[in-house]
Amino acid sequence: MESLSNRKKVVSNKKMTFMEKLYLPAILGGMWITFKHLFKKHNTLKYPEVKREFAPVYRGQHVLKRDEEGRENCTACGLCAVACPAEAITMTSEERKKGEENLYREEKYASTYEINMLRCIFCGLCEEACPKEAIFLTDRIVPTYFERNDFIYGKDKLVEPVDQRVDISKRQLTGKRPA
Amino acid sequence: MIIKLIIVVALFAITLGIAAYLTLMERKVAAWMQDRIGPDRAGPFGLLQPLADGGKMFFKEDFRPTNADKWLFIIGPGIAMFTSLITGAVIPWGPDLKIAGETIALQVADVNIGILFIMGAVSIGVYGIMIGGWASNNKFALFGAIRASSQMISYELAMGVSVITIVMMTGSLSIRDIVDQQHGFWDNGWFSWNVFKQPICFIVFLITALAECNRAPFDLAECESELIGGYHTEYGAMKLGFFLFAEYVNMFISCAIISALFFGGYNFPGMDNFSGNTLAILGTLVFFAKTFFFVFVFMWIRWTLPRFRYDQLMHIGWKKMIPIALINLLITGVVIAYTEGWFSKNKDNESASNVKMEQPLGVNTSFEKTKTGNSL
Ligand code: SF4
Ligand code: SF4
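Taken in sequence, the protein lines are chains A and B.
This note's numbering numbers the first residue of the first sequence as 1 and each following residue consecutively.
This note's numbering numbers the first residue of the second sequence as 1001 and each following residue consecutively.
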């Protein structure tokens, strides 16, 4: 029967010829291969000095985006928390007061928003679920800490500062969402 | 006496230093063969890496499992280290050096049974592994130790037979005699190095030497993927360091023996143009160059070949290596007998020389000869 993948191989148990039984030619052949590798270009990047560029689809530390006027996008709808398979996201919501229009885009906003980076599996479902284009995963790596509490990222670490916007344009071009 | 002492201390220090840097070399060679860079953080090109490793070994906790046999646990790595270091004593590192009218042999002891001494010391070496594995009171360690000892015993036979072949050709058990007999490079219309006279013997010896050193593809005693380190599973700190170190010393010494027995030791082409101390120094350098080449070959093999299965190991050892070595021994014996004129009716023909075996044979064979001659 034709196999689906067409990659099936029938194992042959044929008797080895005398040359094959000697082993030595095959061993020398193998050694020739490794010897050629001695002079090949090595692929090592010296990490802390040189960093490899991440693919656009790389899923690293999250960012909570602001809009062009610097207002937080998130409206604390909780869809990301519901979507999260690892239950890493918690938040509390609050109503926007008068005079806070320049801080929050919607009438409701997240007063606290925490992601537990030890729980998070970086699946990106929160980003997928968000109706407000508020949360994105970036190419930043979550560093290590000595204390578990340090891995719980609050708004101070998640929301992008107004003057240091996090560039997610590459991510938006991956075809996941319209630019 | 003083000079001997200096040579002993120097040899000790050099062997240890070389073994330390062999660890770096191994990691570098492995890295290059896998298209990597290898350790390069400690010092320029990672040259201080062995020091860092050694320092780490010293400062680690000296751990001993509760149920381990205390003394045997300590003695194990000691024996391994000791036996691997004493083998260096009988290796002739170079031609004689002359300083202030005194002749200094670059060899700790030119015992006339040098090669026997080495075979003996290597056999004792397995005790270190065996004791270490047994004393750990751990099944993985015991497995490793059992594998190591059965492997060493099986491969020692083939190794011994191939050494006997060389001894038969030289007529002496002293390594210096064996090396001196391979003088120069070309002699009487044939290469003078033993590897060209006894290529099969060389291959058998190389393979068995790999097995004796517990190097891949014969590293069943360690087998980090199945036995998590084998006989040194339970060891840590400097005791582990001793085991690892002993391995590298062993490798260095076996490479030295290979180059002495088969590649002419300190002999090199065109050595007759030099004399005296120049020759001594050049010869020593040549010897070390040959040794390091074989060290590289050992590493090269390790990073090329996968490990043998246990039954394959035994199969190769008993059914391939030993018969090949024995047949080779037999053929060599017949050729020597023929060129010595045993088969000719004419007794005066005894001194007939052969292209390949230019050296007359030693006392042993002539004794045998008279016996056979009488019985004929
Ligand atoms: S990336 Fe996945 S696991 Fe992490 S917070 Fe978002 S939804 Fe949860
Ligand atoms: S990040 Fe998006 S999905 Fe999550 S609460 Fe805010 S608006 Fe809703």
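Hints listed in this document are in silico derivations from the structure and should not be mistaken for laboratory results.
All values reported here derive from a predicted model rather than from experimental measurement.
Cβ atoms here follow ideal geometry from the backbone N, Cα and C, with glycine treated the same way.
Check before you lean on any hint, since a few could be wrong.
Unchecked claim - Covered stretches of chain B (in silico footprint by chain A; criterion: 3 or more residues with CB under 8 Å from a CB of chain A, positions within the stretch not fixed):
no.: 1; stretch: 1031-1040
no.: 2; stretch: 1193-1205
To be verified - Cross-link-like lysine-lysine pairs, in silico, DSS-like; alpha carbons within 25 Å at most:
no.: 3; chain 1: B; residue 1: LYS1319; chain 2: A; residue 2: LYS41
no.: 4; chain 1: B; residue 1: LYS1320; chain 2: A; residue 2: LYS14
no.: 5; chain 1: A; residue 1: LYS40; chain 2: B; residue 2: LYS1028
no.: 6; chain 1: A; residue 1: LYS46; chain 2: B; residue 2: LYS1056
no.: 7; chain 1: A; residue 1: LYS21; chain 2: B; residue 2: LYS1319
Said to hold, decoys possible - A short, non-exhaustive set of chain B residues, derived as facing chain A with CB atoms under 10 Å:
no.: 8; residue: ILE1124
no.: 9; residue: VAL1297
no.: 10; residue: TRP1300
no.: 11; residue: LYS1320
Structure-based check of each hint:
1. Using a Cβ-Cβ cut-off of 8 Å, 8 residues of the stretch 1031-1040 of chain B lie near chain A, which meets the minimum of three, so the contact claim holds.
2. With a cut-off of 8 Å between beta carbons, the stretch 1193-1205 of chain B has 1 residues touching chain A; three or more are needed, and the interface restraint is violated.
3. Proximity of LYS1319/B to LYS41/A is assessed by CA-CA distance (about 42 Å); at most 25 Å being required, the pair is judged violated.
4. Proposed proximity of LYS1320/B and LYS14/A is supported: the alpha carbons are some 21 Å apart, at most 25 Å.
5. Between LYS40/A and LYS1028/B the CA atoms are separated by roughly 14 Å; this keeps the pair inside 25 Å, and the hint holds.
6. Distance restraint check for LYS46/A and LYS1056/B: the Cα-Cα separation of roughly 23 Å lies within the 25 Å cut-off, and the hinted pair is therefore satisfied.
7. Proximity of LYS21/A to LYS1319/B is assessed by CA-CA distance (about 13 Å); at most 25 Å being required, the pair is judged to hold.
8. About 31 Å separates the beta-carbon of ILE1124/B from the nearest beta-carbon of chain A, more than 10 Å, and the hint is not met.
9. Below 10 Å, beta-carbon pairs count as interface contacts, and VAL1297/B has one with chain A at about 9 Å; its hint therefore holds.
10. Given the 10 Å rule on beta carbons, the hint for TRP1300/B holds: about 6 Å separates it from the nearest Cβ of chain A.
11. For the restraint placing LYS1320/B at the interface with chain A, the shortest Cβ-Cβ distance is roughly 9 Å, inside the 10 Å limit, so the hint holds.
Against the hints set out earlier in the document, violations occur for numbers 2, 3, 8.
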